[in-house]
Amino acid sequence: MLTNLAIGSAKAVCWQSFAARNTAIGTRTMLTRILICVVLGYSVGNVFAGEFRITPDSDLKPVLKQVTPGDVIVLANGTWTDPKLKFESLAGTSDQPIQIRAESPGEVVLTGAIEFRVSGSHVTVSGLSFVNPVGTSDVFDFRTKSSIHAHDCRVTDCSFAQTESGSSKESRWLNVYGTRNRVDHCYFAGKSNAGTTLVVWVAETPGSHRIDHNHFGPRPELGKNGGETIRIGTSDVSEFVSKTIVEENYFERCNGEAEIVSNKSCENTYRHNLFERCQGALTLRHGHRCLVDGNIFLGHQAKGTGGVRIIGSDHRVTNNYFEGLRGDAERAAICLMNGIPDGPLNGYAPVTNALIAHNTLIDCKVSMEIGVSPSKRVTVVPSECLIIHNVFLPGKWELFRVQNKPDRFNWIGNKCQADATRGADLVEMQRVEIKLTRAEDGILRPTSSKTLQSDQPCEVEMDIDGEPRKAHFAGCDDPGTTFTIRDLENTTGPIWRRPLKP
Numbered sequence: 001m002l003t004n005l006a007i008g009s010a011k012a013v014c015w016q017s018f019a020a021r022n023t024a025i026g027t028r029t030m031l032t033r034i035l036i037c038v039v040l041g042y043s044v045g046n047v048f049a050g051e052f053r054i055t056p057d058s059d060l061k062p063v064l065k066q067v068t069p070g071d072v073i074v075l076a077n078g079t080w081t082d083p084k085l086k087f088e089s090l091a092g093t094s095d096q097p098i099q100i101r102a103e104s105p106g107e108v109v110l111t112g113a114i115e116f117r118v119s120g121s122h123v124t125v126s127g128l129s130f131v132n133p134v135g136t137s138d139v140f141d142f143r144t145k146s147s148i149h150a151h152d153c154r155v156t157d158c159s160f161a162q163t164e165s166g167s168s169k170e171s172r173w174l175n176v177y178g179t180r181n182r183v184d185h186c187y188f189a190g191k192s193n194a195g196t197t198l199v200v201w202v203a204e205t206p207g208s209h210r211i212d213h214n215h216f217g218p219r220p221e222l223g224k225n226g227g228e229t230i231r232i233g234t235s236d237v238s239e240f241v242s243k244t245i246v247e248e249n250y251f252e253r254c255n256g257e258a259e260i261v262s263n264k265s266c267e268n269t270y271r272h273n274l275f276e277r278c279q280g281a282l283t284l285r286h287g288h289r290c291l292v293d294g295n296i297f298l299g300h301q302a303k304g305t306g307g308v309r310i311i312g313s314d315h316r317v318t319n320n321y322f323e324g325l326r327g328d329a330e331r332a333a334i335c336l337m338n339g340i341p342d343g344p345l346n347g348y349a350p351v352t353n354a355l356i357a358h359n360t361l362i363d364c365k366v367s368m369e370i371g372v373s374p375s376k377r378v379t380v381v382p383s384e385c386l387i388i389h390n391v392f393l394p395g396k397w398e399l400f401r402v403q404n405k406p407d408r409f410n411w412i413g414n415k416c417q418a419d420a421t422r423g424a425d426l427v428e429m430q431r432v433e434i435k436l437t438r439a440e441d442g443i444l445r446p447t448s449s450k451t452l453q454s455d456q457p458c459e460v461e462m463d464i465d466g467e468p469r470k471a472h473f474a475g476c477d478d479p480g481t482t483f484t485i486r487d488l489e490n491t492t493g494p495i496w497r498r499p500l501k502p
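Under UniProt numbering, the first residue of the sequence shown is numbered 1, with each subsequent residue one higher.
Since the hints were made in silico from the structure, they are not lab data.
Watch out, some of these pointers could steer you wrong.
Simulated restraints, written as ranges between beta carbons of each label pair [what the hints assert, rightly or not]: (1) Asp236 - Asn410: 30 to 36 Å; (2) Lys145 - Pro56: 42 to 48 Å; (3) Glu204 - Lys376: 30 to 36 Å; (4) Leu291 - Gly442: 41 to 47 Å; (5) Glu204 - Ile412: 54 to 60 Å; (6) Ala91 - Leu291: 54 to 60 Å.
As a list, the in silico DSS-like pairs of lysine-lysine whose alpha-carbon atoms are at most 30 Å apart [to be verified]: (7) Lys470 - Lys450; (8) Lys303 - Lys145; (9) Lys303 - Lys396; (10) Lys435 - Lys396; (11) Lys435 - Lys450; (12) Lys61 - Lys84; (13) Lys224 - Lys243; (14) Lys376 - Lys435; (15) Lys86 - Lys169; (16) Lys303 - Lys169; (17) Lys224 - Lys303; (18) Lys224 - Lys169; (19) Lys169 - Lys84; (20) Lys470 - Lys405; (21) Lys450 - Lys396; (22) Lys65 - Lys84; (23) Lys61 - Lys86; (24) Lys86 - Lys243; (25) Lys376 - Lys396; (26) Lys169 - Lys145; (27) Lys224 - Lys61; (28) Lys470 - Lys435; (29) Lys65 - Lys86; (30) Lys145 - Lys243; (31) Lys145 - Lys65; (32) Lys435 - Lys303; (33) Lys450 - Lys376.
A quick note: this is a predicted structure, and the numbers were derived from the prediction, not measured.
Just so you know, even glycine gets a beta-carbon here, dropped at the ideal spot from N, CA and C.
Turn these sequences into a full structure, and let the hints guide you.
Structure below.
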């Protein structure tokens with residue numbers, strides 16, 4: 001369980017930038033009229049025009065009838081028990097979004113049977129703390145009815161936490177519907193009941209959502225399916241394009257189940273995230289044409305810690321850093337599953353045409369496991385994949401483990417430490433002396449580029465730091481580029497770019 005100290009610290013991180021933004025908002029020119037009214041228990045104090053203060057006893061309907069673009073709805077400080085708040089069809093604009101915010105960031109606590117619903121356009125929800133939901137329903141939805149969704153809306157600087165024993169019923173904490181919505185600078189931790197922490201629901205129109213700069217804190221092992229931290233789509237819509245971006249997030253001990261992130265749609269991007277001590281894998285379970293780029297996976301030698309699991313076609317796994325992972329099979333550093341020929345949507349689509357390029361794998365129990373989980377039904381081996389310019393330093397561990405031999409793989413310019421032997425007979429690979437040193441940001445970076453050079457080109461133009469590659473070097477880091485360390489508490493930048501403990 002999380003301590004109050006840990007929650008308080010996380011809130012401070014999430015809300016650091018909130019006060020500064022509100023100061024700017026407060027100085028913005030507002031409407032000139034002053035609202036002074038009392039309607040059926042709904043009270044609005046003497047405030048500037050366009051600001052509506054509500055309490056747990058307020059009747060929202062008369063408030064929402066008056067809200068116009070640029071207005072602010074303020075939730076009064078205190079504990080709101082079993083709140084059912086529906087902000088339906090609010091119509092903000094890109095220049096004048098409608099805000100729903102805490103009176104004081106972190107001082108509005110919603111608890112119990114929480115139902116917080118938002119729909120409309122250009123609405124921002126901020127500064128709220130959702131604590132110990134009882135699990136009788138989903139907590140936060142970007143919709144108010146099945147057909148009334150949110151578009152261009154945002155939830156930011158909020159926390160979702162379970163600090164005591166919760167319900168055994170299944171529920172989700174945050175559901176993303178609609179299009180172009182954003183979840184950023186939020187904290188999620190402690191969810192112990194079944195149900196994905198954050199779900200993106202996929203429809204025929206690409207959602208194009210963004211999930212960024214969040215801290216997904218510890219989630220205890222559930223012991224069954226349904227303990228994902230993020231899921232994008234479901235098997236029945238897995239051929240639809242979502243175009244959701246998951247970037248610059250920190251995943252810490254997300255141990256709910258084997259799938260930390262469960263991708264179940266097409267053309268999503270997972271980039272520049274940190275996975276630390278997570279007993280599972282970023283899993284491309286269904287869907288095709290996804291990008292996994294520039295992520296860091298640190299296992300710290302913890303049991304079951306994994307990397308990227310690949311199922312489906314045309315995925316790109318590039319520029320990732322894997323160190324100290326102790327998972328195998330589905331939780332290997334890089335796992336390529338066997339597939340089902342002409343299988344159902346909820347089955348295992350064959351792995352074809354994957355690009356696995358410029359990754360660095362260090363001290364992992366199994367660097368790559370290929371053809372995982374073959375059976376009488378699951379018979380299609382991974383095929384036509386390009387494995388190029390990766391760096392392998394397995395130490396005493398297995399370089400490759402092959403359950404079913406792949407078909408028509410093309411191996412180009414990969415480098416392996418000179419004394420690595422276990423599993424290395426899968427393919428002929430250049431064995432070189434690879435010199436690395438732990439840099440200020442906590443990851444091992446090459447100190448000499450000579451042995452990592454290649455005369456073979458690759459279409460991956462950037463390295464793990466987002467810098468243009470200056471030459472053809474194997475591994476995630478181009479030695480000729482620079483990198484920037486940013487503190488965890490700098491919420492305007494990547495929250496995980498900080499010195500990491502080895």
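Hints, verified against the model:
Take Asp236 and Asn410: their Cβ atoms lie about 34 Å apart, and the range 30 to 36 Å holds. Roughly 23 Å separates the CB atoms of Lys145 and Pro56, a value that falls outside the hinted 42 to 48 Å. Against the hinted window of 30 to 36 Å, the Cβ-Cβ separation of Glu204 and Lys376 comes to about 35 Å, which satisfies the hint. Against the hinted window of 41 to 47 Å, the Cβ-Cβ separation of Leu291 and Gly442 comes to about 24 Å, which falls outside the hint.
Look at Glu204 against Ile412: about 38 Å separates their beta carbons, and that is not inside 54 to 60 Å. Taken as a hint, the range 54 to 60 Å is violated for the pair Ala91 and Leu291, whose Cβ atoms sit roughly 34 Å apart. Our distance criterion of 30 Å between C-alpha atoms is met by Lys470 and Lys450, whose separation comes to about 13 Å. The suggested pairing of Lys303 with Lys145 is violated, with an alpha-carbon distance near 43 Å, which exceeds 30 Å.
A hinted pair counts as satisfied when its Cα atoms are at most 30 Å apart, and Lys303 with Lys396 qualifies at roughly 16 Å. Simply put, Lys435 and Lys396 have alpha-carbon atoms about 17 Å apart, close enough for the 30 Å limit, and the pair holds. A distance of roughly 10 Å separates the Cα atoms of Lys435 and Lys450; the hinted pair therefore holds under the 30 Å criterion. For the given pair, Lys61 sits about 13 Å from Lys84 by alpha-carbon distance, which is consistent with the 30 Å threshold.
Using a Cα cut-off of 30 Å, the hinted pair Lys224 and Lys243 holds, with the two alpha carbons roughly 28 Å apart. Among the hinted pairs, Lys376 with Lys435 is inconsistent with the structure: their alpha-carbon atoms are about 44 Å apart, more than 30 Å. At most 30 Å may separate the alpha-carbon atoms for a hinted pair to count; Lys86 and Lys169 meet this at roughly 23 Å. Proposed proximity of Lys303 and Lys169 is supported: the alpha carbons are some 28 Å apart, at most 30 Å.
Of the pairs offered as hints, the one joining Lys224 and Lys303 holds, with about 18 Å between alpha carbons and a cut-off of 30 Å not exceeded. A C-alpha spacing of about 13 Å is found between Lys224 and Lys169, which places the hinted pair at or below 30 Å, so the restraint holds. With a C-alpha separation of about 19 Å, the suggested pairing of Lys169 with Lys84 holds against the 30 Å cut-off. A C-alpha spacing of about 35 Å is found between Lys470 and Lys405, which places the hinted pair above 30 Å, so the restraint is violated.
Between Lys450 and Lys396 the CA atoms are separated by roughly 24 Å; this keeps the pair inside 30 Å, and the hint holds. For the proposed pair Lys65 and Lys84, the alpha carbon gap of about 18 Å is at most 30 Å, so the pair holds. Taking the CA atoms of Lys61 and Lys86, the gap is about 9 Å. The hint holds against a cut of 30 Å. With a CA separation close to 28 Å, the supplied pair Lys86 and Lys243 stays within the 30 Å bound.
The straight-line distance between the Cα atoms of Lys376 and Lys396 is roughly 33 Å, outside the 30 Å bound, and the hint therefore fails. Between the alpha carbons of Lys169 and Lys145 the distance comes to roughly 22 Å, so the proposed pair stays at or under 30 Å and holds. Using a Cα cut-off of 30 Å, the hinted pair Lys224 and Lys61 is violated, with the two alpha carbons roughly 41 Å apart. Taking the CA atoms of Lys470 and Lys435, the gap is about 19 Å. The hint holds against a cut of 30 Å.
For the hint pairing Lys65 with Lys86, the CA-to-CA distance comes to about 13 Å; that is within 30 Å, so the pair holds. Our distance criterion of 30 Å between C-alpha atoms is met by Lys145 and Lys243, whose separation comes to about 23 Å. With a C-alpha separation of about 18 Å, the suggested pairing of Lys145 with Lys65 holds against the 30 Å cut-off. With a CA separation close to 27 Å, the supplied pair Lys435 and Lys303 stays within the 30 Å bound.
Simply put, Lys450 and Lys376 have alpha-carbon atoms about 47 Å apart, too far for the 30 Å limit, and the pair is violated.
Checked against the numbered hints above, the structure breaks hints 2, 4, 5, 6, 8, 14, 20, 25, 27, 33 and satisfies the rest.
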